[in-house]
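**Student:** Using the sequences plus the hints, can you model the full thing?
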Amino acid sequence: MVINRALTKQSEIKAFMTDYEEALSGILLTAQDWDLLYKAHIFLQPFVSATLYAEGDKSSISQSLLLMDALLAHYERNKLYYSQEDHLDPRMVRAIEMGWVVLAKYYNMTEEVPVYTAALLLDPSRRAAYIRKNWPDAWVQPAINAATQLWEENFKVESITDDDLSIPSSIPPPEAPLRTHGIELDLLLKDMEVITADLREDEFKSFIDLPPFRIDCSPLEWWGRAEQKSRYPRLHSMAITILSIPAESSEPERAFSGSRRTCSCDRLSLSCLNIQRIECIGSWIREGHIRLSKLNGMGLPMEDAAEDEDDELQGEILDEIGWI
Numbered sequence: 001m002v003i004n005r006a007l008t009k010q011s012e013i014k015a016f017m018t019d020y021e022e023a024l025s026g027i028l029l030t031a032q033d034w035d036l037l038y039k040a041h042i043f044l045q046p047f048v049s050a051t052l053y054a055e056g057d058k059s060s061i062s063q064s065l066l067l068m069d070a071l072l073a074h075y076e077r078n079k080l081y082y083s084q085e086d087h088l089d090p091r092m093v094r095a096i097e098m099g100w101v102v103l104a105k106y107y108n109m110t111e112e113v114p115v116y117t118a119a120l121l122l123d124p125s126r127r128a129a130y131i132r133k134n135w136p137d138a139w140v141q142p143a144i145n146a147a148t149q150l151w152e153e154n155f156k157v158e159s160i161t162d163d164d165l166s167i168p169s170s171i172p173p174p175e176a177p178l179r180t181h182g183i184e185l186d187l188l189l190k191d192m193e194v195i196t197a198d199l200r201e202d203e204f205k206s207f208i209d210l211p212p213f214r215i216d217c218s219p220l221e222w223w224g225r226a227e228q229k230s231r232y233p234r235l236h237s238m239a240i241t242i243l244s245i246p247a248e249s250s251e252p253e254r255a256f257s258g259s260r261r262t263c264s265c266d267r268l269s270l271s272c273l274n275i276q277r278i279e280c281i282g283s284w285i286r287e288g289h290i291r292l293s294k295l296n297g298m299g300l301p302m303e304d305a306a307e308d309e310d311d312e313l314q315g316e317i318l319d320e321i322g323w324i
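Take 1 as the starting number for the sequence shown in the UniProt record's numbering and just add one per residue.
Read the hints as simulated data drawn from the structure, not as lab findings.
Some clues are possibly wrong.
What the hints assert, rightly or not - Simulated crosslink set (SDA-like; lysine to any residue; CA at most 25 Å straight-line):
1. 39 - 50
2. 14 - 2
3. 79 - 41
**Tutor:** Below you can see the structure in the form of structure tokens.
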């Protein structure tokens, strides 16, 4: 951060301005300017943390509104602080007001896309309880209605197969407890119970109205468990679809950059399908999900394809995968 660097090198910058005071004339930093930089540096710390939080391995689109809520509260708290007589600073108040307008602009845009609210409601640690507690009353019902409409129009009508309702064979049937468990263990065991869905109930409404609880993973990982698919067969599809959306644009941008390196001048004949395969397999290898056969692994997952398609894959994908 530029401000952080300036504060770190404050003594050197002051010495430079003293040596070249005549040449710099009207662009010298005054004591008031340094004070403003110091206050701005402190004010911007939550923004740095929010950016890193949204880039983490467990980041989720369900965090988007949560982070905006936190930052808006940060704006309001600091505006009140610098408006008080003991800490009055009109420049900070003005800067905070300008920043608040920009953040509020993007916050209001989320109302046009119910996916953000739906992602928040599908987070088992938030649900509707978070919205009712932290949002103005006038916002709550319209937000829930928009997410409900998304559910009803796109996911509630999905057909359900017997496999969606079956209890996973990998989970053994529970045995009668020999003694009383601790409260925390009971909550964990209750969360892991496989309850077959009642197809007559509205899965979305019943889920968001339940009390929230802490989870030890991302919302997407929680919904990826077999017991959630058995209990909420249709809502499971909605959750996986929405929570798979990247929280930031950094991952898609990274994919585009990787694709540009893949499509070198002598590889412009690569088909779109094979570019997708290269980037997907490359991501799997980097994340450690698969291991190449030359490294004593299982090798690349290959679809059943015609012989000429196999040759194309060998000639394009396997060669290009070498840079990963």
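**Student:** Please go over all the hints and tell whether each is borne out by the structure.
**Tutor:** Hint check results:
Under the criterion of a C-alpha separation no larger than 25 Å, the hint pairing residue 39 with residue 50 is consistent with the structure, at around 19 Å. Restraint check: the Cα-Cα separation between residue 14 and residue 2 comes to about 16 Å, which is no more than 25 Å; the hinted pair holds. Of the supplied pair hints, the one linking residue 79 and residue 41 holds, its CA atoms being roughly 15 Å apart against a limit of 25 Å.
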